[in-house]
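Student: Chain by chain, the residues:
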Amino acid sequence: MIGRTVPLDPDRLFPADPETRKVARDLYEQVAALPIISPHGHVDPSLLVDDQPFPDPAELFIRRDHYVTRLIHAAGVPLEQLGLTDRSGSAATPTPREVWRTFCTHWYLFAGTASGYWLHTSLAELFGIDQEPHAGNADELFDEIQAILATDEFRPRALFERFRIEVLATTDDPMADLRAHDALAADPDFRGRVIPTFRPDSYLDPLTPGWVERVATLAEWNGSASSSYAGYLEALAARRGYFIEHGATAADHGVRQPLTVEMTASEAAALFARALAGEITAAEATAFAGHMLLEMARMSVEDGLVMTVHPGVHRNHSSDTSRRFGPDSGHDIPLATNYVENLRPLLERFGTNPGFHLILFSVDEASFSREIAPLAGFYPSVYIGAPWWFLDAPDAVLRFRAAVSETAGFYRGAGFVDDTRAFLSIPVRHDMSRRLDSVFLARLVGEGRLALAAAERIAIDLVDLLPRRAFKL
Amino acid sequence: MIGRTVPLDPDRLFPADPETRKVARDLYEQVAALPIISPHGHVDPSLLVDDQPFPDPAELFIRRDHYVTRLIHAAGVPLEQLGLTDRSGSAATPTPREVWRTFCTHWYLFAGTASGYWLHTSLAELFGIDQEPHAGNADELFDEIQAILATDEFRPRALFERFRIEVLATTDDPMADLRAHDALAADPDFRGRVIPTFRPDSYLDPLTPGWVERVATLAEWNGSASSSYAGYLEALAARRGYFIEHGATAADHGVRQPLTVEMTASEAAALFARALAGEITAAEATAFAGHMLLEMARMSVEDGLVMTVHPGVHRNHSSDTSRRFGPDSGHDIPLATNYVENLRPLLERFGTNPGFHLILFSVDEASFSREIAPLAGFYPSVYIGAPWWFLDAPDAVLRFRAAVSETAGFYRGAGFVDDTRAFLSIPVRHDMSRRLDSVFLARLVGEGRLALAAAERIAIDLVDLLPRRAFKL
Amino acid sequence: MIGRTVPLDPDRLFPADPETRKVARDLYEQVAALPIISPHGHVDPSLLVDDQPFPDPAELFIRRDHYVTRLIHAAGVPLEQLGLTDRSGSAATPTPREVWRTFCTHWYLFAGTASGYWLHTSLAELFGIDQEPHAGNADELFDEIQAILATDEFRPRALFERFRIEVLATTDDPMADLRAHDALAADPDFRGRVIPTFRPDSYLDPLTPGWVERVATLAEWNGSASSSYAGYLEALAARRGYFIEHGATAADHGVRQPLTVEMTASEAAALFARALAGEITAAEATAFAGHMLLEMARMSVEDGLVMTVHPGVHRNHSSDTSRRFGPDSGHDIPLATNYVENLRPLLERFGTNPGFHLILFSVDEASFSREIAPLAGFYPSVYIGAPWWFLDAPDAVLRFRAAVSETAGFYRGAGFVDDTRAFLSIPVRHDMSRRLDSVFLARLVGEGRLALAAAERIAIDLVDLLPRRAFKL
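Chains as they are written, first to last, in the numbering used here: chain L, 1 to 473; chain A, 1 to 473; chain C, 1 to 473.
By construction, these hints were calculated from the structure, which means they are not laboratory data.
Here the structure is a predicted model, which is why all the values come from computation and not from measurement.
Errors might be hidden in some of the hints.
SDA-like, lysine to any residue: derived pairs with alpha carbons at most 25 Å apart [claimed, not checked]:
hint, chain 1, residue 1, chain 2, residue 2
1, L, 22, A, 18
2, L, 22, C, 75
3, C, 22, A, 9
4, C, 472, A, 78
5, L, 472, C, 448
6, C, 22, A, 10
7, L, 22, A, 448
8, A, 22, C, 448
9, C, 22, L, 452
10, A, 22, C, 7
11, C, 22, A, 12
Chain L regions said to be covered by chain A (calculated; three or more residues, Cβ under 8 Å) [unchecked claim]:
hint, region
12, 11-17
13, 74-81
14, 107-121
15, 242-249
16, 360-372
17, 392-405
Idealized CB from N, CA, C, for every residue including glycine.
From just these sequences and the hints, can you work out the full model?
Tutor: Following this line, the structure appears as structure tokens:
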């Protein structure tokens, strides 16, 4: 059905024009082997503490990757057949091999997608598989991968070294104990740097299910009254401190719109009380959450945590799927996003504050040239986040570079973030980013817009200087 | 003024890079001669029933094509001079030859436009004209075309066969008798498949002029009371059934925003009554129309008609032009369009319903990567409509492919639709689409992102499998 | 740090593909030496009256160019260190040489930006500098440029001739006396055409600080009562007449949204009275300003001034920076912009009025294919403004061409505007535009979409016919 034997092209992602390709390849070769700095992602740190073999190909590549499951779901395959647990009960769980077969049968869906590129490259580079999966070779591939997973070289720590990961940031609940991070830091046999990220969304927005309980947990830990707005702020600041003690350099915020709202402490306290009493309106809750985003910026100014904002996503668009499979099951959908007016209160207060870092991500491409680059081209605090999620793909990355660089240059960026739950895909994602930046720079060189020496310097800085500086690593 | 002799380039639309061009050409050659499936358009079926010669070049290429007339109008030529009938009376109608002369004099306006490409290619391929029209050759070209139109090979049915049209869908008023479709189906000499499409907009939105009368016509046909909301729904369902009996597979919906609104039957009935009484407010009417769009989805789930939605257009932007020349006179202007929140009620109810097909079109490019591809990449019901109207042009099509494919791959698409009133432009439009898809695929092959064998399979599927599947043909 | 010696590439901005490059170069050579028509910009005309040497490199390239200062500010350098005057007092002003050193140290920030391209090209072409500035050569470059600036060939008038500027439009306050324009027109030694542009924003929007005083000045000049709405309109019309007498062909309007509002004269007069009394609400003021934009269109219809609209910018985003450094200090940020609904009242009244010219600019790329091109593709009055401000850069210009041309062709454009305060950058900006249009046309030729002869004609018309026609020059 789909072409079968597909060896990895060493010049993959490079453009067809021979001159540009040559320059791109030369630039890429300078950065291909540099260590990986991964300042934002979703890998479970206990993976590295336990250092157990990955269980099977389905667990590794499919079940936990909603980029993969959503597209097979769109083809009509229920999520439970891909190994997701249906919380409403009932459905028999397929075996990993069955999940893998379903995946292989639907492999053709991924042609041209970012996931297809990552999967194909990972299979080829890590497992030496140069065939495209299909129904006919599913079992064979499963066994082949399974055998390799059982070897010591495929334990998470061995891969961590082989991938040359220098820093790996995880994303964590504010009340997380961070024991895995401690264990790794204390382990003389593990030399990587694995750091937590403070992600307080569900503690800030009263409309999030479970908010009242979370506020109570915070208060209990803090020894303050659950009903005290001042205690709530204190507890949040203290938990940020706890994260900093455990290595965190950043706090991450996922919001529908990057709304920030000025209000007095007494106004905020009144809304907090109404929220605890379950009496808050949706508009009030939105305002309160917007105020809390501003408070998080204030705390970042005070404690130095880099503030990253990932806005513009309607989470859990399908209620039924959410109810059955929980969050992150593939139906978060981007929205038109307004940064300029929503972030103004925050930037009015902290935009030029030395030491404050605000990294803005976007899944609304229209905002790149219109809002993100102009903001980062003036405010010293604002850094441009890498194209994220649906835009973390070859053509989208090049569109992003073209959209922001002419206004903001290369030095207002924050480097690449892989943002992945899939540990094995980390190197291929960073490699893709390095290839694409080389392609972009090579084009500017070819068009007489950039000296080759400058391009070489920039290629390295994009991988090294920029993430270190923006994320304070 | 403009270059004169312009023979058709066999490699037209292919990129300059020789390697990519070669792959594109090879892919294109595989699909160039495949039958045309045209699942959405505006050709008048009586054209094929009557099978009369096309009257003249102005009728054929200008008067009825608002893509053409609007751009000459923008250059300051009144629409009546292009042969449009001014309903406010008075103006003397120019002869077809005069209209043609005006067109040729303004031919330079079309350089670089989609219409220019279609016109140039049609003139060359169908009429063997390798000169660009201008004032000096207008009469000669008119006579040349006129002579060819009089031949039997240029009768509509002969062209239908020559164009290799397998399926041609028309767009029809819900109360249309569909006699022309019946006649074609019953005619043993005509082997094509010409099917109607149910287009109920003006029966659903109380703000459309004539809505009350249309509701009355529906009720009369149905034998129900005109004032009965239940009867109104019944009649709509019955007319859908009538269309299905006459071969329809789809219902088409053109709306300003793809708003869908949940309300109870009694709420809807109350608004229906207020609308009939002329007492409905604009906001209520918008809500009612949004509810009716949801009802159409419910009926599609029940009767199986594919639901296509063409939103995001401010129709009849110039009131004076509308009054004088009616709708479709060239001043429908796109708008920023929100699919994610507007369609949520519909997708909550039917998004994962097996057998329900919802094809989303857009003229707001920002929505492609942000909303359309993510929705189609999760909901099994959602298919991505081809870039439409102002975006049905070479560069726009390639931007579209780049915007959606990385998220949704190639198999969430619904194939190409020509959406044309201009029968003669059907083959060149489909040919353009096939060339451009070949260009896009060839680039991925050249960048090592897609195996050639996969590209070959996809090129064929885009032309054959995808429209058949999405439109249930 | 950054590559050092960077001679100017004669083929800069041309694409890598050799065939396309050759065609682009040929097209460019036809237009490279054509006179410059600059119908919109911000050069101070007294520069040409006085004809004094430019004082120093910092004054010339840095202090007055907020494209340059904003990006160095984003890197953490306070604006006062770049020579901007802090109105809040205190800070010691750096010497021009110190400012220049700071600039050279931060030169690497401009890699890949439009400003970097203009600066590099200007330094090379005008001053023969083929080195990239850096801390180490800052003093040497300063001295070199300074010496050249002292020569007679670098007086403004000599450069005006050398640049082959045929028309230069300035942007002026409605109450400006236009003496500099008169002096130039009367000077037999100066043969250029330097014309004013009527820019009334701050007289139309009651929320602009100082509006009441400006209205009083208008009334005083007009001899009408300051409280008379009719007198206010009369005075505006009379000042437009004054500008026309002094050579103006256009009125320019910078607004947040291009809102136009119909209201009766008595409604407008009531709002005018409330505004003078300081009692107007923000919503009323917005409506009044929207009404005044409509009135400006009416006056344009009457007096023939071309109406240019530059909407979609949140001016002075950082209040503190505004307070200290005034407007145009680098933190105006674009916004999503709606033309279709906002401009409808205006287009309903004047859209097809012969002789009325409305040139629409945009800094929201999403609007190009969605709104701007479709509007200009129907309304004879609407012309497409060049990509402006943040979008006046190589990739953005090519995106703009691709976005508008397929719908509106090439002849609905208004030519290039440099919109610059930086006199020395005028030729390089126009040269960049000519190169990019040649690149775009060459691609269409290569793709078989445009005959070479047509491309040659269009390349010339874009530089000559289009700005002359649209701006009535």
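Student: Does each hint hold? Answer for all of them.
Tutor: These are the hints, each one checked on the structure:
{"no.": "1", "hint": "L/22 / A/18", "result": "holds (16 Å)"}
{"no.": "2", "hint": "L/22 / C/75", "result": "violated (32 Å)"}
{"no.": "3", "hint": "C/22 / A/9", "result": "holds (19 Å)"}
{"no.": "4", "hint": "C/472 / A/78", "result": "holds (21 Å)"}
{"no.": "5", "hint": "L/472 / C/448", "result": "violated (52 Å)"}
{"no.": "6", "hint": "C/22 / A/10", "result": "holds (21 Å)"}
{"no.": "7", "hint": "L/22 / A/448", "result": "holds (15 Å)"}
{"no.": "8", "hint": "A/22 / C/448", "result": "holds (15 Å)"}
{"no.": "9", "hint": "C/22 / L/452", "result": "holds (22 Å)"}
{"no.": "10", "hint": "A/22 / C/7", "result": "violated (36 Å)"}
{"no.": "11", "hint": "C/22 / A/12", "result": "holds (18 Å)"}
{"no.": "12", "hint": "11-17", "result": "holds (count 7)"}
{"no.": "13", "hint": "74-81", "result": "holds (count 3)"}
{"no.": "14", "hint": "107-121", "result": "holds (count 9)"}
{"no.": "15", "hint": "242-249", "result": "violated (count 0)"}
{"no.": "16", "hint": "360-372", "result": "holds (count 4)"}
{"no.": "17", "hint": "392-405", "result": "holds (count 5)"}
Checked against the numbered hints given earlier, this structure breaks hints 2, 5, 10 and 15; the rest are met.
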